[in-house]
Structure formats: structure tokens, C-alpha cells
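Asker: Residues per chain are reported as follows:
2 protein chains.
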Amino acid sequence: MAEKAVVLLSGGLDSSTALYWAKSKGFRCRALVLGYGQRHSREIISARKIARLAGVPLLEMPLRMPWLGQSSLVNSARPLPDMPLSRIGAGGIPSTYVPGRNTIFVALGISLADASDAGAIVVGANALDYSGYPDCRPSYYRAFERVAKLGTRSGSEGRGIQILAPLIRLNKARIVQKAFGLGVPLKWTWSCYRGGNRPCGRCDSCKLRKKGFQEAGLQDPAL
Amino acid sequence: MAEKAVVLLSGGLDSSTALYWAKSKGFRCRALVLGYGQRHSREIISARKIARLAGVPLLEMPLRMPWLGQSSLVNSARPLPDMPLSRIGAGGIPSTYVPGRNTIFVALGISLADASDAGAIVVGANALDYSGYPDCRPSYYRAFERVAKLGTRSGSEGRGIQILAPLIRLNKARIVQKAFGLGVPLKWTWSCYRGGNRPCGRCDSCKLRKKGFQEAGLQDPAL
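Protein sequence lines correspond, in order, to chains V and P.
If you're matching positions, the first sequence starts at 50 in my numbering and goes up one per residue.
If you're matching positions, the second sequence starts at 50 in my numbering and goes up one per residue.
Next up, chain V with everything else stripped away, as it sits in the complex (with noise of 0.2 Å):
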């Protein structure tokens, strides 16, 4: 019987390479996706598109987050930032951050994983092209991991619940090639923090994505 594994869906292109990746693995995979209000909510009906391809059931959790109203990625009144490439990630925590958001993502997991005997979480976090947001660097999810350890029944019993971040240390370019790879449907993802129809090409998730299919030297399916 194959391991069963929750996978934090988001519907951009690290989440859906890692439950690609999941899959190839071997794993029997449940994903989750979280809607706390973000202006890309768009990305929610790709994540549904993504799991429905990839064959897997996809658990939809609304979060009802009034105290997020500082983050421009829920508030669309506040402006995005829209900084050269070369400042992405380097100038601190940008606005788009947005409080707690993974470790809630991962609690869920956890919840989940603990409920159904699942031995491991998988995230499409990357701690290298990435908007700088400190819920994304390998610490914190080794940290996390002696959390679900000590904190729930399967770690009590033993068996403790992994945190696979299999993209952490890969640039956006291999991601990519990864994604091709695995054959994502890259078509459907959805990355830009802007919502709308079309990526805006603008915000930080847009600029980071066009260099990963850049360097690689493919051309992205979405656009």
C-alpha cells in the first residue's frame, strides 16, 4: 500500500510541480487548497483544475481572516509591489506577505495528515526565487516538523509526519524543467498575485516566473 501524503495546493506552478513530484513518488495524495480572501482567488480554480487532472482529491478550506487587512494580497486597495528583478526578495518582507498564512496552510496538513494516517506533507515552498516571505525557508518547515512530531498522534506513536518541501533549493529555471518533466499541465496553473484574467507580468510572482521559463528556455504554456 503506497504512502499517503496531503499536499498544499496553492494552483501556481511550485505547488502543482510538487504534487507532480508526489505523485511520481509514489504517493497517494490528498491536496489542500486555502482561501483566506486573497486577490488572486483565481488561483483557487486553478488549483481545482490542477488536482482534477492530476487525479487527486482536493479539499477546499474558506478562512474567515479579518485581521489580514495589511497584506496587499488580500487587501486590493494597498498596491503591490513592482520592483526590478534584482530586488525581489532582498529588500525584506514585501507587502504581500501575508501573517501566518503557511503555518496555518501547514497546520491544516498536519490536521489532516494526523486524521488520516498520512506520512507526509508536501509544500512548493523555495527559499531562492522567491518574494522573500520567511514562512518559505528550510528552517522553519525542519522546525515545524518537531511540532507535528511532538504534537499529535502519530508522532506519539511513532510513525511522525514528514514536511517535503522537494523545490526548496531549486531556482525557478529547474522548477520549471522539473514541472516539464513531471508534465504539470503548466497551461492551468495560475502564479500572479493580481488575480484578473491574464497574469499582469508586473508583481513579483509574474517577474520570477518569466525568468524560471527564461532561463530555461521554454516557452510558458499559460501565457
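For the record, the hints were derived by calculation from the structure and aren't laboratory data.
Hints may contain errors.
One copy or any two copies: either way a pair holds, since identical chains are not told apart in the list.
What the hints assert, rightly or not - Computed list of lysine to any residue pairs in SDA-like fashion (alpha-carbon distance at most 25 Å, straight line):
hint : residue 1 : residue 2
1    : 198       : 213
2    : 74        : 227
3    : 53        : 128
4    : 74        : 229
5    : 198       : 119
6    : 259       : 177
7    : 198       : 116
8    : 198       : 176
9    : 259       : 140
10   : 198       : 218
11   : 98        : 116
12   : 227       : 121
13   : 227       : 247
14   : 198       : 209
15   : 98        : 115
16   : 53        : 119
17   : 198       : 139
Computed from a predicted structure; not experimentally measured.
Using the hints, position chain P against chain V.
Answerer: Structure of chain P alone, referenced to chain V:
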């Protein structure tokens, strides 16, 4: 300006005492209560009352977690444990364990604390007279403090978020004494796992509470 704290409130004896403790220490408090389909959703009404009496704003978080059906604290078709007091907490994790519930609760607290510049999360957990849940132990909260340090803006900027568990090493009698000393409106707290209109007296939580009042030589105002 007093430091801010996020108090994880369930409306029971322990978390209500933790709230009054935080107030007594001069924290400016906000409380958070979870609705996760618990059979004793009656406790949310208590949390509202306690927060109002304490003069503290309360945020209610409804969560839809369909994977919790194995827990007898959520699935009322499953019987609640009814065991001798001496065996409570001693026989492994009981059926009332809700996978990841405290992990999600703390994660939401981290999000709220990071968004509102609160330096502390206050929890009523105690690891002495308790049902035997893994997510009540000191080591678990210490590990979570590290997650908060590594994964938040607050931690990145050197302020950090402490997790304070003022009751964690107290037995129930000492918690009851502390509650009286702090003026906790115990009449309105709700501990019973079963819900309903009156505490059942037979679940782990009722038995532990009763033991606490007996050993403290005090009358439970909620009975």
C-alpha cells in the same frame, strides 16, 4: 503602552483562567475561539460570555474540517470515554483527541499576533491533570515558539512571539485556586465534553474539573 497578547480561549476553566492571568499581567488581550464542529459547541457561548465579562474582544473562527469524524469530541455518534479518574491521561491518546486542533489554534494565534504586533500568545494548556493529548506538553509549545520565530515578520525583525502557558505545570486544584484568586467568572465557564445544558459529570473533563474543586476545597459555581 502595554504589550499585546492573543489569548486562545475555549470557554473552559483553563483557558478562562489563562485569560484572566494575562489581564492581571497587564497584557492588552484579544481572544480567539474556534468552531470546528465540536459536540460541546456550547463552550463557544461560554467563551463569548467570558470575553465580554473580561472586557476583551473575541474573534470567532469557524472551520470546516470534514476529516475530524474519527474524534469522539466531534462525532457525537461515537461514545465519549467514561473511565476512572486514575486512568485519565494514562492510557494513551483518548478518542476525544482532535487531530491537529491545538496546532491549528496556535497557528491562527501566530497569524493574528504577527498581523497585530502582539508579542505573546497565551494558552490554557496543562500537562498534569489532562486527558493525555500530545499537544498539551511544554516541549510542543517550545517547538511552536521556534516556528513562530522563524516564520513570521515579527520573528524576522527580532521581536518574536512568545507562547505563554501559565498553567502548564499546575494541577487542577492549583488552577482552581488561581482562578478564584484572579476573579475568573467560573460560573460561566464550560468544561464538559458532552455539551447539553448541564455538565454530564462523567466525561474526562468533568471528572478532572470536579477533582480540582474537591482538592482545592472549593465549590464549583457552575454546578
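Asker: It remains to establish, for every hint, whether it holds in the given structure.
Answerer: Hint by hint, here is what the structure shows:
Within a single copy, residue 198 and residue 213 get their C-alpha atoms as close as 14 Å, and across copies as close as 20 Å, so both meet the 25 Å cut-off. When the C-alpha separation of residue 74 and residue 227 is checked against a cutoff of 25 Å, the pair qualifies only within one copy, where the shortest distance is 13 Å, while the shortest distance between copies is 53 Å. Proximity of residue 53 and residue 128 under a CA criterion of 25 Å is satisfied in neither setting, with 40 Å inside one chain copy and 28 Å between copies. In this assembly of identical chains, the alpha carbons of residue 74 and residue 229 lie at most 25 Å apart only when taken from the same copy (16 Å versus 56 Å across copies).
Proximity of residue 198 and residue 119 under a CA criterion of 25 Å is satisfied inter-copy only: 20 Å between copies versus 33 Å inside one chain copy. When the C-alpha separation of residue 259 and residue 177 is checked against a cutoff of 25 Å, the pair qualifies only within one copy, where the shortest distance is 15 Å, while the shortest distance between copies is 55 Å. In this assembly of identical chains, residue 198 and residue 116 lie within 25 Å of each other by CA distance solely across copies; the values are 20 Å between and 29 Å within a copy. Proximity of residue 198 and residue 176 under a CA criterion of 25 Å is satisfied in both settings, with 24 Å inside one chain copy and 17 Å between copies.
In this assembly of identical chains, residue 259 and residue 140 lie within 25 Å of each other by CA distance solely inside one copy; the values are 20 Å within and 56 Å between copies. Taking identical chains as interchangeable, the C-alpha atoms of residue 198 and residue 218 lie at most 25 Å apart whether they share a chain (24 Å) or sit on different chains (21 Å). Taking the shortest Cα distances, residue 98 and residue 116 sit within 25 Å of each other only across copies (22 Å), while inside one copy they are farther apart (30 Å). Proximity of residue 227 and residue 121 under a CA criterion of 25 Å is satisfied in neither setting, with 30 Å inside one chain copy and 43 Å between copies.
For the homomeric pair residue 227 and residue 247, the shortest alpha-carbon distance inside one copy (24 Å) is at most 25 Å, but the shortest distance between copies (59 Å) is not. For the homomeric pair residue 198 and residue 209, the shortest alpha-carbon distances inside one copy (5 Å) and between copies (23 Å) are both at most 25 Å. In this assembly of identical chains, residue 98 and residue 115 lie within 25 Å of each other by CA distance solely across copies; the values are 21 Å between and 28 Å within a copy. Taking the shortest Cα distances, residue 53 and residue 119 sit within 25 Å of each other only across copies (18 Å), while inside one copy they are farther apart (37 Å).
Only between protomers do residue 198 and residue 139 lie at most 25 Å apart by alpha-carbon distance; the minimum there is 19 Å, versus 33 Å within a single protomer.
When each numbered hint is compared with the structure, violations occur for hints 3, 12.
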